[in-house]
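A.B. asks: Required output: the full structure, derived from the provided sequences and hints.
The listed protein sequences correspond, in order, to chains V and E.
First residue of the first sequence? That's 1 in UniProt numbering, and the numbers climb one at a time after it.
First residue of the second sequence? That's 1 in UniProt numbering, and the numbers climb one at a time after it.
Be a bit skeptical, because a hint or two may be false.
[Unchecked claim] To be clear about the criterion: a stretch of chain V counts as covered by chain E if any three or more of its residues have a C-beta under 8 Å from a C-beta of chain E, and this derived list gives those stretches:
1. 54-63
2. 70-83
3. 98-104
4. 148-157
5. 281-291
If you're looking for bench data, these hints aren't it; they were derived computationally from the structure.
Backbone N, C-alpha and C define an ideal beta-carbon position, used for all residues, glycine too.
There are 2 protein chains.
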Amino acid sequence: MPALDVAGEFETIETLLRPLAHPEWGRGLVDDVAVLPSRPGYDLVLTKDAIVEGVHFLPDDPLDTVARKLLRVNLSDLAAKGAEAFGYLLACAWSERCGWPEREAFAAGLAQDQARFGVFLMGGDTVKTPGPAAFSLTALGWVPAGGAVSRAGAEAGDLVFVTGTIGDGLLGLQAARGQLTLDPERLAFLIDHYRQPTPQQDFAEVIAAHATAAADVSDGLVADLTHIANASGVAIDLKLDSLPLSAAARAWFEARVDPQAALEDLATGGDDYQIVFTAPARLVETLRREADRRRVRLTLLGEVRVGAGVTVSYGGRPLTPGRAGWTHG
Amino acid sequence: MPALDVAGEFETIETLLRPLAHPEWGRGLVDDVAVLPSRPGYDLVLTKDAIVEGVHFLPDDPLDTVARKLLRVNLSDLAAKGAEAFGYLLACAWSERCGWPEREAFAAGLAQDQARFGVFLMGGDTVKTPGPAAFSLTALGWVPAGGAVSRAGAEAGDLVFVTGTIGDGLLGLQAARGQLTLDPERLAFLIDHYRQPTPQQDFAEVIAAHATAAADVSDGLVADLTHIANASGVAIDLKLDSLPLSAAARAWFEARVDPQAALEDLATGGDDYQIVFTAPARLVETLRREADRRRVRLTLLGEVRVGAGVTVSYGGRPLTPGRAGWTHG
Numbered sequence: 001m002p003a004l005d006v007a008g009e010f011e012t013i014e015t016l017l018r019p020l021a022h023p024e025w026g027r028g029l030v031d032d033v034a035v036l037p038s039r040p041g042y043d044l045v046l047t048k049d050a051i052v053e054g055v056h057f058l059p060d061d062p063l064d065t066v067a068r069k070l071l072r073v074n075l076s077d078l079a080a081k082g083a084e085a086f087g088y089l090l091a092c093a094w095s096e097r098c099g100w101p102e103r104e105a106f107a108a109g110l111a112q113d114q115a116r117f118g119v120f121l122m123g124g125d126t127v128k129t130p131g132p133a134a135f136s137l138t139a140l141g142w143v144p145a146g147g148a149v150s151r152a153g154a155e156a157g158d159l160v161f162v163t164g165t166i167g168d169g170l171l172g173l174q175a176a177r178g179q180l181t182l183d184p185e186r187l188a189f190l191i192d193h194y195r196q197p198t199p200q201q202d203f204a205e206v207i208a209a210h211a212t213a214a215a216d217v218s219d220g221l222v223a224d225l226t227h228i229a230n231a232s233g234v235a236i237d238l239k240l241d242s243l244p245l246s247a248a249a250r251a252w253f254e255a256r257v258d259p260q261a262a263l264e265d266l267a268t269g270g271d272d273y274q275i276v277f278t279a280p281a282r283l284v285e286t287l288r289r290e291a292d293r294r295r296v297r298l299t300l301l302g303e304v305r306v307g308a309g310v311t312v313s314y315g316g317r318p319l320t321p322g323r324a325g326w327t328h329g
Numbered sequence: 001m002p003a004l005d006v007a008g009e010f011e012t013i014e015t016l017l018r019p020l021a022h023p024e025w026g027r028g029l030v031d032d033v034a035v036l037p038s039r040p041g042y043d044l045v046l047t048k049d050a051i052v053e054g055v056h057f058l059p060d061d062p063l064d065t066v067a068r069k070l071l072r073v074n075l076s077d078l079a080a081k082g083a084e085a086f087g088y089l090l091a092c093a094w095s096e097r098c099g100w101p102e103r104e105a106f107a108a109g110l111a112q113d114q115a116r117f118g119v120f121l122m123g124g125d126t127v128k129t130p131g132p133a134a135f136s137l138t139a140l141g142w143v144p145a146g147g148a149v150s151r152a153g154a155e156a157g158d159l160v161f162v163t164g165t166i167g168d169g170l171l172g173l174q175a176a177r178g179q180l181t182l183d184p185e186r187l188a189f190l191i192d193h194y195r196q197p198t199p200q201q202d203f204a205e206v207i208a209a210h211a212t213a214a215a216d217v218s219d220g221l222v223a224d225l226t227h228i229a230n231a232s233g234v235a236i237d238l239k240l241d242s243l244p245l246s247a248a249a250r251a252w253f254e255a256r257v258d259p260q261a262a263l264e265d266l267a268t269g270g271d272d273y274q275i276v277f278t279a280p281a282r283l284v285e286t287l288r289r290e291a292d293r294r295r296v297r298l299t300l301l302g303e304v305r306v307g308a309g310v311t312v313s314y315g316g317r318p319l320t321p322g323r324a325g326w327t328h329g
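C.D. replies: Written as structure tokens, this is what we have:
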């Protein structure tokens, strides 16, 4: 639909976005559409996220990191399904603060991440908004036919694993808001994780080959495990003691007076963009080997059993659900 | 990413959006992704539009019509490429005014149009925004491999056609804003066109079979023809006298003191969601027959010749470009 400022829209597309376009399938962004040839033997996996200034990113977050985070959280969704990302469509609703330099920064952030993650812009839309800036991205990936991992395949007896570390999303947000006291290097690490989480793209093929169910950790580890438990019709036991922490998160953790409450906070905080998944117990060694080869930290968090819901335990003792932390606020 | 109000988001997905999901490829909206099997012999066509309250729709537009318009303008994009739509992903950023009844209306509007146009919801995201409501939709369609019509194929000697009528988009916007004096029935027709334009979906296969270049009329007839002329490296002559008008637009037109200026307004107004396309002159009778069979009005508007740009003529006299109307404001 026509926007208020078509000139700005055209220039943004011509100068900033066209260089990002897929050389063939994006049609140079001149055609309003992307055209994707069929790839026999593969399924196409699509995911779409929206982010709004003041809700999902901070008004003073640099726009290059906003763009990269938007792309990365969608790549994280694809990786958790075992899909190999190759492209994305993008809708930008630019706010008043998004002048030309901000749009340039946004496009530069995308360019950097396109090179890093091997994806191209396929098309989209750019408009102006009188309100806060908002962006929506539809990411596309391939997976061998029938191989997309769902939330629904976990079976009693499976083990529960997670890649990377948990809690840096929550602590990163607090750090970005200036609410955290830690040494500067650790604060910088956490803020960087919050602004530019790294999707576990290299691990996607391991997920496709071995996971019975998987999700990316975006709502929070407990919430995302609950999605898996509900979709699979099983119970999941989660050992808080096993939570993998980064050095920065560990420094924060060691300064807490209530370690259990601290771990609960990290396990429910969200924005981690790791992959939590279930796999048959007999594959433990295979998974460790595949993770080592990719230099991905892999942690055994718990197990799947007959029943319903997620039971969180600490020091061998199950915790009562229903605390404020249990659902992400 | 987690939103401020996850409870509302979950309920919106569970209760309002899940019934709209594609029974297989949408994975019941429980999986963050859609998984689309490959369809050998067909290309996938993707398009994405974003709309913002106060920019692309009016704050008092009912949300069922906002949802339907968003879906329809994307279906219009697909039809203009010759593609058969089958699904879409949707991102909703709900504003304060989008309570449960408004969200219900939004979903009900989508349900009506899904039944009418044969498409299903495949996935997406729903979040809240402190600003104006904003929505983004990614529509998906199939076209026989290699058959997607671009803007770039027009050749000297081709003729220029348009489906339906031109100008109802502009007049509909004015009517919706209360700026138009016409009898109530005609006002209602125009407002309805503005709020719920009808994509020329049935004509997509004719476009795929016969058009050399095509676009949907969204920016304005002259602007969209300019896109075709530029992408194809040709000149296009457009006869304003031939502009097809609805009965309502004709009534408005006949009350104008300057008929040429009135036609210029209609030809540059946009939001018509018709298909403008070029085709070899020898196909005139075939195209008329195909249009008649589908009860689609088809109008010969001009011709393609060697050169560059769009020349608009009225009463056999070329007009000077550069008027305010020439690029959509």
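A.B. asks: If a hint holds in the structure, say so; if it does not, say that too.
C.D. replies: These are the hints, each one checked on the structure:
1. A count of 3 residues in the segment 54-63 of chain V with a Cβ less than 8 Å from any Cβ of chain E is obtained; the coverage claim is therefore met, three being the minimum.
2. Counting residues of the segment 70-83 of chain V whose CB lies closer than 8 Å to any CB of chain E gives 6, so the stated coverage by that chain holds, three being the minimum.
3. Counting residues of the segment 98-104 of chain V whose CB lies closer than 8 Å to any CB of chain E gives 0, which falls below the minimum of 3, so the coverage claim is violated.
4. Beta-carbon proximity to chain E at under 8 Å applies to 4 residues in the segment 148-157 of chain V; the threshold of 3 is reached and the given coverage holds.
5. Against chain E, the segment 281-291 of chain V contributes 0 residues with a C-beta closer than 8 Å to a partner C-beta. That does not satisfy the three-residue criterion, and the hint is violated.
Of the numbered hints listed earlier, those contradicted by the structure are 3 and 5.
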